[in-house]
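Listed below are the residues making up each chain.
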Amino acid sequence: MSPLLQSLLDALHALLEFAPPLVLASLGGVLSEKSGVVNIGLEGMMRFGAFFAAAVAISTGNPWLGLVAGALAGALSAALHALLCLRYRADQVVSGIALNLVALSSVTFLLEAIFGSAGVSPPSPQLPRIFGHSALTWLALVLPFAMHWMFTRTQAGLRIRAVGEHPRAAATAGVAVLRLRALCVIGSGALAGLGGATLSIGILGQFDVRMPAGQGFMALAAMIFGKWTPLGALGACVFFALAEVVQRSLSLTFHAADLHLEGLFLALPYALTLLVLALGVGRTRAPAADGVPYDPEGR
Amino acid sequence: MSEARSSALELRGIVKRFGGVAAVDDVSLAVAPGEVLALVGENGAGKSTLIQVACGLYRADAGEVWMDDVALAPGDPRAAISAGLGVVYQHFMLVGPLTVWENVVLGREPRRAGVAGALGLIDRERARREVAESARKAGLALDVDAPAESLSVAAQQRVEIVKQLWRGARVLVLDEPTAVLSAGEADELLRTVRGLAAEGRAVVFISHKLREVLRVADRVAVLRRGRLVLTVRASETQADALADAVLGAAARSREGQAVLGVASAPAAASASESIPAAPRLIARDLACADSRGRPALRGLSLELRAGEILGIAGVDGNGQTELAEVLCGLRAATGSLQLDGQEGLAHGGWALDPSLSRARGVAHLPADRHRLALCGPLTLEENLSLGQQREPPFARGMLIDRAGRRARSLELLAAYDVRPPDPLARAGDLSGGNQQKLVAARELAPGRARLVVAVQPSRGLDFRATERIHQALRAARDAGAAVLVISLDLDELRALAGRIAVLFEGRVAGVCAPDASDAQFGALMLGGAARTQEAAHG
Amino acid sequence: MADAPAARPPWRQALFAPAKSPLWSALFAILCALAFCFLAILATGKDAASGYADLFQGALGSPRALGESAIKGSVLLLTGLSVTVAFTVGLFNIGAEGQFIWGALAAAVAGHLLPLPAALALPAALLAAALAGGLWALIPAWLKSARGVHEVISTILLNWVAIDLVHGWLVAGPLSVASGNADVSIAGTAPIRDEAALPRLFAASGSRLDLGLPIALAIALCVWLFLTRTRRGFEWRCVGAGPEAARAQGIRNGRCIAEAMFLSGALAGVAGALIILGTEHRYPGVFRTGYGFDGIAVALVGGVTAPGAVAAGFFFGALRAGSTRLQLVGIHPSFAELIQGVAVLLVAAPRLFAPLLAKLRGRVNSAPGAAQPTAEAP
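Protein chains in written order, with the numbering used here: chain E, 4 to 302; chain D, 9 to 546; chain G, 16 to 393.
Hints may contain errors.
[As the list claims (entries may be wrong)] What the simulated footprint calls covered on chain E by chain G, stretch by stretch (three residues with Cβ under 8 Å from a Cβ of chain G suffice, anywhere in the stretch; the number is not a length): (1) 101-113; (2) 223-236; (3) 263-275.
[Stated by the list, open to error] Chain G regions said to be covered by chain D (calculated; three or more residues, Cβ under 8 Å): (4) 236-248; (5) 259-271.
[Said to hold, decoys possible] Quick list of the computed label-pair ranges, beta carbon to beta carbon: (6) E:G135 / G:T339: 42 to 48 Å; (7) E:V145 / G:L240: 56 to 62 Å; (8) D:G122 / E:L7: 47 to 53 Å.
I should point out that these hints are in silico values taken from the structure, not numbers from a laboratory.
Being a predicted model, the structure only gives us computed values, none of them experimental.
Cβ atoms here follow ideal geometry from the backbone N, Cα and C, with glycine treated the same way.
Could you put the whole structure together from the sequences, leaning on the hints where they help?
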């Protein structure tokens, strides 16, 4: 086959490697923010998911158990975020940042305590591959459509949208606002955890102490770029993954490592994200009640 | 009065406290099917709180809610809805981006049969059909597919009513429904209400406008400071008696009458007999867009003299907000705007920036005082220095003059009766009335204002606070300021203004004297040809 | 379901009610974090007691240790101040790390290149650092004011851009002191001139304490005075507390935001300069920073006030200094970050933060939970 076709296929494969973790985490962001809760903690939830997925997979030898553990880890940390923000009305951004800090340090600590390593975990059993990519990859491609369907066609979706725009109106209609928000936040944590699990047991085959290396924040940017919709988030993540693929191949082409120009190329995806956000895409309205604590007894 | 039929809705001994203050204090009420009960009281009397307890949004500290002889679980909106209680709130509970039918069925969405339904798939066709049907039966015109945020205020209210009817409400509560309607729309609503009662529903009609109440209700219950002070048949009472029950002796004052909507005698121009001939503020052909880019002002012209109060009336959304913003430098506009002969909209003009308009002597009392006039987390004394923070007595050179600021704040807090008069209290913790007094103290006290722009000055305020604010506005007028009062409450304008201009679609439709009839105002508000009492430039 | 905050058991009230003073809640959070982490270490089977003893030794146990704590504390208090200043105008400056890095690089380059006498070389390097950090912080400020981009995202992305550009390109490439050398990636930049270095204090005691400490404290004092005593500082606080009201009263929001962010970045930049000019004397090839990120924790635990940032900065500095000794008992140094993280979580937690953050720009005065609907509620 022609070299062009070959490199396109290679690019496609690379895309399918990079995009899924972003997509899963980004969908988590969408779910949480659609219901009105800001979730800056995606990075931390991904980290917990990546680590615990690998740890459980290694100790049990079963990658599926690892997968469940990863989702659970993300969900539990999100539950903490939900508790702080919904029950105690803590500032949602601060809570998310705190979560990231805790995840950053505690996972490093656990990696050292459990595996005695400061860099990578031992190799872990990987999820089976279909057509060359892990099961989670295909899930990540299907899930945005499922979520879109949920938001536009189902009861749950209608209520979530209502709760994110005008929670008091939803309350007067009999919707349990805080409970629904809590479910969405926990769900978003599970998704972010799955995204992290994709990194460790889906793609790399082990946990690296730097995971997810900022992908949680890229997922947030993708959510904003995608105008807080699941399909938009999918498109944005593909776009960012593409940028990563391009950056790597450019870096190789220009022998960046030898010329010590790596940094320039590494910075490209982030700079691109900024550019995209600056071009006014970020101006689209988030759900109206996003980030505003709901006080059942307030005005 | 002691009929044997059961009450549709009965409240027994309801008590609700917020932070130690009883908003509702041992209130017991009953409404029978087919009856319209009016719940009357001034702002802050506890009417809305009572209803929110009844429908389960708030949990009462004591007492019970019964519907058809069954006690409702407290704090459970779903239970109240299932039992047949429907509430149309003063501040609409509509989710903007959702369509009309989505708003109506929210919380009780009809599902498809089978597996899809088990997953939660909504039966859209059925929903749309049922909503349209409910609207038609009640005689309310609605486009079920329009996004709620695109509708007019009156249409949104219709959606709210249909929402309750579709859910099978047998007890309907309307909280201050005519506050946002024009005279004609209000009439229509009152007719709708009687129609609903005739179909066997119980209706609770909450209002502080006594004339309306007497027109529509069978019985009237009066709340005052959280207590039920009077229950009487509408046919057996008069506005005076009700006014006395609502406000006590204060009802005799002009302010009291304005608050309750029973004022018939207009405000005298009082001390400002010697109004100078030359207008201080001249606006010609003002045009601007609203926050969504749609035209808001379309060639508005008016004149205002020192020592007079001009009222701006009209249905919400006809340019009032934008007019205030233009005058205070918060919105760009074209046309000509002159204050004391200085052009505001030209290059370097005073209306281009809030700091410039303040420097020119424009004082602004916005409707949304918490957001636009005060910094909630800051203290009272800090808020009192806002806008003048660079000048004495609040500053000395580059530094804040703490002693000076404290002294001045104590003066102002006392003069305007702000409670608590603690300079270190947080502005955000103050009640609405005290916040407004704080804003008035800051804007009006120095007595240097050349133009005062007050928007909805007594919205949400109880009688005492309203009185104080109106006093402050009159004092500003007497001190020589030109005062513009923009309000949706015609009675307030009648009590304050010497002339009242009606806005319709971004232009002045006409100018009336305060004693013009409701019909005349109503016609102007709906764009009817202006049969004015005075020329537009009086 | 309507929540009923009515009958709350008293101990819960005492535990979770917002503190009257943010410093007390910070102290409480720190103590809890320490206790929690003590248990965490025990759970992993390591010797927690001697670990903590070593921590204490490493932080405060000798002149050298005190010096280390003070140095690190000075840097952290500045990055904490950086985040605090940004909060004042209502922005979350998560970008202190990137601003720190650019400041450090600028100090390294200026310290190496500028042929100035001693009295001028040091201030010039500090100024260069402040400028570099400040300019980098103006980017997210502009993005927020002009394009509505949320600063949390933009500052985080800019952090990575900074890390990649500086570590992955500039320091490894054009600015590297070695060239054509196998060790180039760990060599760092050329060393600074002696005139630009921060003079040591109490050098005889063996500590590395330098002029950075008094400089940092002096800066903290100036910032505090500015925020609380000047007209401009007051205007910044208004912008943070009520941006629409501030604008309506004639305050220039955009300008205040830009100024505050510039100062914020400059503070982080100077923090970076203190490390370079004090201990490293060049921008090292391998630079484990994280001071910028820690600044966020410092600011939050310090209740987002200037004095709080000083106190929390020194506490976390002591932690950092002491934690290198934890390896002696087999505990990974990242443990110090764990304490930090937990402390932040506790400070962010129950009821403490929403009213706290709301009060941060004003005075901490009124009773907790006072933002209740009054009798005039609808």
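Do the hints match the structure? See the list:
1. For a cut-off of 8 Å, the count of residues in the segment 101-113 of chain E with a CB near a CB of chain G stands at 10, and the three-residue condition holds.
2. For a cut-off of 8 Å, the count of residues in the segment 223-236 of chain E with a CB near a CB of chain G stands at 3, and the three-residue condition holds.
3. Only when three residues or more bring their CB closer than 8 Å to a CB of chain G does the claim for the segment 263-275 of chain E stand; here the count is 9, and the claim holds.
4. Evaluation of the coverage hint for the segment 236-248 of chain G: fulfilled, as 4 residues show C-beta separations to chain D shorter than 8 Å, against a requirement of three.
5. Here's how the segment 259-271 of chain G fares: 9 of its residues keep a CB closer than 8 Å to some CB of chain D, so the rule of at least three is met and the hint holds.
6. Separated by about 45 Å at the C-beta atoms, G135 (chain E) and T339 (chain G) satisfy the suggested range of 42 to 48 Å.
7. Under the hint 56 to 62 Å, the C-beta atoms of V145 (chain E) and L240 (chain G), about 59 Å apart, fit the expected range.
8. Between G122 (chain D) and L7 (chain E) the beta carbons are some 49 Å apart, a value that agrees with the proposed interval 47 to 53 Å.
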